[in-house]
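Input sequences plus hints: build the corresponding full structure.
2 protein chains.
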Amino acid sequence: MNEIEAIDLIVNRLGPAATGKGVVIGPGDDSAVVGFDPEEETVVTSDVLIEKRHFPEGSPGDLVGYRSVAVNISDLSSMGAQPRYLTIALTADSIEESWLLAFADGVRACCLETGSIVIGGNLARGPKSIAITALGSVLRGKSVTRSGAEVGDEIWLTGTVGATAVALQNFRDPQIASLEELLERRNENALARYFLPIPRVDFASHLFSFASSATDVSDGLVCELDQLSRNSGHRMQVDVESVPVWCGANPREAIQSDDSYELVFTAHPCERTEVTSVAKRTKTPVARIGLVQEGDGVHVHEGEVMIEVDAGYSHF
Amino acid sequence: MNEIEAIDLIVNRLGPAATGKGVVIGPGDDSAVVGFDPEEETVVTSDVLIEKRHFPEGSPGDLVGYRSVAVNISDLSSMGAQPRYLTIALTADSIEESWLLAFADGVRACCLETGSIVIGGNLARGPKSIAITALGSVLRGKSVTRSGAEVGDEIWLTGTVGATAVALQNFRDPQIASLEELLERRNENALARYFLPIPRVDFASHLFSFASSATDVSDGLVCELDQLSRNSGHRMQVDVESVPVWCGANPREAIQSDDSYELVFTAHPCERTEVTSVAKRTKTPVARIGLVQEGDGVHVHEGEVMIEVDAGYSHF
Chain Y
4 MNEIEAIDLI VNRLGPAATG KGVVIGPGDD SAVVGFDPEE ETVVTSDVLI
54 EKRHFPEGSP GDLVGYRSVA VNISDLSSMG AQPRYLTIAL TADSIEESWL
104 LAFADGVRAC CLETGSIVIG GNLARGPKSI AITALGSVLR GKSVTRSGAE
154 VGDEIWLTGT VGATAVALQN FRDPQIASLE ELLERRNENA LARYFLPIPR
204 VDFASHLFSF ASSATDVSDG LVCELDQLSR NSGHRMQVDV ESVPVWCGAN
254 PREAIQSDDS YELVFTAHPC ERTEVTSVAK RTKTPVARIG LVQEGDGVHV
304 HEGEVMIEVD AGYSHF
Chain X
4 MNEIEAIDLI VNRLGPAATG KGVVIGPGDD SAVVGFDPEE ETVVTSDVLI
54 EKRHFPEGSP GDLVGYRSVA VNISDLSSMG AQPRYLTIAL TADSIEESWL
104 LAFADGVRAC CLETGSIVIG GNLARGPKSI AITALGSVLR GKSVTRSGAE
154 VGDEIWLTGT VGATAVALQN FRDPQIASLE ELLERRNENA LARYFLPIPR
204 VDFASHLFSF ASSATDVSDG LVCELDQLSR NSGHRMQVDV ESVPVWCGAN
254 PREAIQSDDS YELVFTAHPC ERTEVTSVAK RTKTPVARIG LVQEGDGVHV
304 HEGEVMIEVD AGYSHF
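Protein chains in written order, with our numbering: chain Y, 4 to 319; chain X, 4 to 319.
What the hints contain is simulated information worked out from the structure, not anything from laboratory work.
Any copy, or any two copies together, can satisfy a pair, since identical chains are not distinguished.
The calculated DMTMM-like cross-link candidates involving lysine to aspartate or glutamate, where the alpha carbons are at most 20 angstroms apart (straight line), are:
no.	residue 1	residue 2
1	K55	E6
2	K131	E60
3	K131	E54
4	K131	D96
5	K24	E42
6	K24	E43
7	K55	D96
8	K24	D205
9	K55	D262
10	K145	D40
11	K131	E100
In structure tokens form, the structure reads like this:
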């Protein structure tokens, strides 16, 4: 199998995830051509997942495929954007047909769940990694940035944090279950949740109506709150006891080291009804976990006790 | 220096290449937000450059930066699109400040030359590679694909092919010359041409007015002609003696193994004046190198002699 045959194999397996509305020219030419609604702005994000760093060595292709797409969609969601198109550049030491097909299955599953379409990509030889660029759309002027939090706003979190640590402590070959089965078990199985984070696409499409700022949890909740703090110039105060934590996870660890790709956002207290009503409509668990205050940095306490936290996560 | 500091360093060094028209939200948030003209469609391409595979180990950062951007812009040009925005995901084993700054210099040089803006990216730890997604724009319905060649059309090539082989035979540390100096020497120095391919942006913006199909030379001219042949269902006949070849290169090798990122396109004979007039206006060398005929495959001859060629280039 040469490179062109491998690309054909993947595109065929993607099926409906590689064709659709707005695609003028899809995978196979020098570039793809797509259309956007003139009422909307284009939202663009890129992320790279590298074996051993962003997923364990030997991870099944379908889980890697799903996770790769989901983490990029998450960056669109945290701007309040709707996912539209993806390019996927896959680098691998060799072409293993079964792994490639499984990878395509995972990509397809997340694309169909989030309404996104693969419009192009690249296949090159090298250490296994996946570089994805996701394009989304948002109503003109309605994107939600990291910088808008105001003193008095409340801090909210979707879902739970802490599955990552539990999952990676018990990493076993999850091929024992099919992708479909693991998708069903995302609410109880940490490994399923780690590989198959839940894209908060529907909820995110309403962010503009209540959120003053937002981001997603890719480097730990404390680190993300530190970003919201730096970008707004205000202090983020969080009570650990109010943070929904994955069953079995240590709460203090769960807020510092976690890539659950949940959304963390701020909203004025008068938006509380709106937040909970959207959450109910989109079946998204949400919790109020803190307050935006005057000052700077992230201020974490557990009941009456202040906790020292480290927001200095770095990939290097 | 941690990851956030390294990203700030790069974005600062990019200067005018990281801000500009149409950018609503630039680098630094979860995603970038950009606007496109409603009269236009969005053109999207992704390419990955891996050390030792797409550039020699130990290559200077500024040359790698320029080349990485240029090869992506080339994929937009071959659709007849104007470059607009880029995301750049850089993976490296460690953060070497001097290499990063040089890389940013190279990116900036190619961005300023081509009118493109870096709107986001990613920095991760791993074997050195650069994954770029380039977004361009083209008038609605005016993109040029690989599939439109008609029997009787003529085949054209911009610039020359063959610098790659000459360059890589003599790879020495090109840091002896500055980026500016090497940019000046692209027409005489093979290594400068290899690292700093000439983006044919201005010429490409007129492709829609005369070209029936187009692509760029990234895997050798014969391989690209094979793509045009497969996509149009016609035979591509080329005379080696009419192909402009880099000084010192073997013509037969030059047409089979070369990534000069020149444009190869087809046009009806009655467009000959238009092609040469646009070429003159945009200071782009062009040459007629063959004909589209009934049949299939690529048919190469040297004067009266048929040449066996291999179009089966594969990265694997």
